[in-house]
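Novice: Listed in order, the protein sequences are those of chains A, B and C.
First residue of the first sequence: 818, per this note's numbering; consecutive thereafter.
First residue of the second sequence: 5, per this note's numbering; consecutive thereafter.
First residue of the third sequence: 18, per this note's numbering; consecutive thereafter.
Fair warning: there could be bad hints in the mix.
Straight-line C-alpha distance at most 30 Å; calculated DSS-like pairs for lysine-lysine [claimed, not checked]:
1) A/K954 x C/K149
2) C/K126 x C/K206
3) A/K867 x B/K194
Quick look at which bits of chain B chain A covers, simulated, 3 or more residues with Cβ under 8 Å [what the hints assert, rightly or not]:
4) 118–131
5) 202–214
6) 222–228
Just so you know, the hints here were simulated from the structure itself, not pulled from any lab data.
The beta carbon of each residue, even a glycine, is placed where N, CA and C say it ideally should be.
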Amino acid sequence: MTPSKPLRWMLVPLALIIVACLLVGYALKYPTDSLVARLITISNVNKALKEHLGLVFVSMLVAVFTGIAFGIIISRPIFYVFGRVIENVVNLGQTVPSLAILALFYSVLGLGFNVAVFALWLYSILPVLRNTYAGIKNITPDVIEAAKGMGMNPWHILTRIELPIAAPIILAGIRTAIVINVGAATLATFIGAGGLGDFIVTGLSVRRNLVVFTGAGLAAITAIFFDYLVGLVEEHLVHW
Amino acid sequence: MVEMRLFFLFSYNKKGVNIIMRMKTNIISAVCLALLLVGLISLGGCAPQEEGAVVVGSKEFTEQLILGQITMIALEHNGIPTRDETGLSGTAIAREALEKGDIDLYWEYTGTTLISHLGYEHPITDPVECYNVVKEDDLEKNNLVWLDYTPFDNTYTLMMREDDAEALGIETISDLAGAIKAEKADPTGKGWVFATDHEYAIRDDGYPALCELYDFEFDDVIIMDLGITYGALRDGEIPVAMGFATDGRISTFGLVNLVDDLQFHPVYNCSPVVRGDALERYPEIADILNPIAHQLDEEAMSVLNAKVDIEDFAPQEVAEEWLKENGFID
Amino acid sequence: MIRLDDVTKIFPGQKTPAVKNLNMEIPEGCVCALIGPSGCGKTTTLKMINRLYEPTGGTIYINGQDVSKMDPIELRLGIGYVIQEIGLFPHLTVEDNVATVPREKKWPKDTIRQNTEEMLRLVGLEPKEFKKRYPSALSGGQRQRVGVARALAADPPILLMDEPFGAVDPITRTRLQNEFLRIQEQMQKTIAFVTHDIDEAIKMADNIAVMQEGSLVQYATPGELLSQPVDEFVAKLVGSDRSIKRLHLIRCREILKKPAGFLRAGTPLEEVRKEIENSKIRIVLIVDGDNMPQGIISAGDLEQRTGRVAGDILREIPDYITGDATLRDAFSMMLEYGQSHVVVTDKNDGCQGYITLGDLLEVMKDDDAF
């Protein structure tokens, strides 16, 4: 018997949460020494997770909106040149290592949350932007022409035809972005923005593998978790 | 993660912090282990030694490269032939090369050898005591001779901006603790926040023990990369930060080291370590290098580091200029 | 009524006009086919009518109104538009596709739902079965039907169709054409459609506009076009088999013959013989309970074959044709199955009669019939 749909949807997130709990539970129960015990506490894990999720959430939210908006703009023929410029700038942003982006902007934007969000935004906007653009450009011109010829206004053509048809590709872009984002957010620790990177870098610097493993494991689980969630949204939205 | 760390090494290699490198080497010990093999093989495969030449080694970061150059120039100036094996990647490789006789001499830090090479569990925070322990042990066990050590102590330091420290009358860590306990306003207006790297924040002999010994606490602690603490301090993001005492940016950015008046931090004074057999061949090495070591205080070393890291001079130029200025060569 | 008055279109960056000085008029309720080789400007002309393209010169009037002075959205909402099957919205169900224009017009939901079902039935798709499907789950012919239903949904007086039956196989195309003609008979829309298939144009259109390199070469009824092509180009376009093409101008229902009787398969042969002898016509049709054709028996069959009842000796008919089909379609079917007759049947009313090859020859011989 196959489980009902909502149950099936819950299965993977539930399993991930259990794995995360086991991971943290193990580190809490069997710390290799007092240093590890001091590092891995419920409140520290809570704090790091909260910081991490905060960074990911805010930067992704901004990246999704700006990415889709810019993607739409550059898919309009009028903004073609302007769009190329934006795409190239963002492309360039992607080629710069994320750490360098952090280092570059911390002196301008200061330390901590803001600059980390900015760097993460810059880093995750590209997949969203590029996929939005590609998704819209890939639509058969006949479909758009049919819509136009039938008297749909431009706003409806965008919201009822172009965006829904491009949705699977846009969502794939968001999935890519979110995985990049969760991973890159571990670097926020270098500019004092906290997050799961705290565990990873501290663990590395004092050579406590359990701490590294806990931080990296939680980050990986978070990435898979979000990837799965967006995948669900995709499954839910796309029927054809 | 290894890749990430490597990037960091790379990014600071060009313009940045010499001392980070030492800490980073610890972190990438896994890579070092792999490189160790390669390094040893390549060392073993070297051309036959020039008869009588003293082989000078060093680790790969700025301060070490400068010390290596200083040594070679000074020895050559006094008629002792040398061969350049500076820039070995990491403490472990340099030390092993010295023990095996692939190099005859390199500069090492007392605190490092105490813990890493002689197997002591607890650091010693008195420079003289630490030096003496290391000197005796290494001579006895390994026939390695520690010449005189430098006044500079490249250890953890708490830094403030010079202006702020002066305005608040803070010279020592005790002064800082007093100011915080007296609830004096901090210079940034954001509270007494302390910027530290990841390792210092958590180490048994790091921040937690510091607070205990000096009996005070910061309002908040921000953990960040060591490379950023100097700049953040300069920019007024934070009032106090930790760093390494001889970093070139301390002098360049107008920062000042607070005196560790209770001798909390382990000591890392630097000293030329020479193989016993090499010293027998050229006993005058000691007379040449000892006065040089005496001249290298924190300010001098910090300026030398800054010249390479921030002004982009070659270590050799910097070494030669400094030796001339101080009358060791002409 | 659509009137094109000296319409010219030059695309930016091109020297030769895509359409030049075009004058034509499509009377109300008429079907006009635009035909010509690719690049002749027929699609451009079509798209200028609903302002997907703006003319460079000249004026287009719909019911006397200059379209360039109308709001383009309003204009298009009043014109049904059909393009090849890929013009369906892939992310919307059949139902939502058909409801596109009514939704743009903000009709009430209930009205839209009723109208959608009505439209689907009109094009021969059972709403229950099809309305929740996505275009990807439809055959080419079904998609084309949805396209037509979508264009007709808001009951526009004018219909523009760009190769509406282009992307389906010939058999399906014939069927769609016939059904479309049936619908058009009820609706009496003013229709302009683009095609490159002269047979389709002759069959479907009241007027045919032949275009070449942007100019109108001949604008005439199919009969005129076949009998009096203005020049070599048009003559070549209509082809050497003009007399066969003429068969397109007559519907099967116009010349079909009633058989001597519609009998059941269980009828004894004696009775069949009696039916044939009593009538001048030497053929009977065998039908089932729904009056759908099962087979045919001629006087000759009675002589040559033996059996007890009609079912034993009937010749089965592999396919039948509707009354809307043209004689050309009937001819094709005869050739296809190697038979000298076809049975004409209407979906609703059942078996109507039959047409023989002799009937077709009769028609072709009598040139005055056109």
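Novice: Just to be careful, I want the Cα atoms of A/K867 and B/K194 compared with a cutoff of 30 Å; is the pair within it?
Specialist: Roughly 23 Å separates the two Cα atoms, so the pair holds.
Novice: Count the residues of the region 118–131 of chain B whose Cβ falls closer than 8 Å to any Cβ of chain A, and tell me whether that reaches three.
Specialist: violated (count 0)
Novice: Assess, step by step, whether the Cα of A/K954 is no farther than 30 Å from the Cα of C/K149, and give holds or violated.
Specialist: holds (27 Å)
Novice: Do the alpha carbons of C/K126 and C/K206 lie within 30 Å of each other, as the hint requires?
Specialist: holds (25 Å)
Novice: When I compare C-beta atoms, does the region 222–228 of chain B have three or more residues closer than 8 Å to chain A?
Specialist: Since 3 is at least three, the answer is holds.
Novice: Report holds or violated for chain A covering the region 202–214 of chain B, Cβ cut-off 8 Å, minimum 3 residues.
Specialist: holds (count 7)
The structure fails hint 4 only (numbered hints given earlier).
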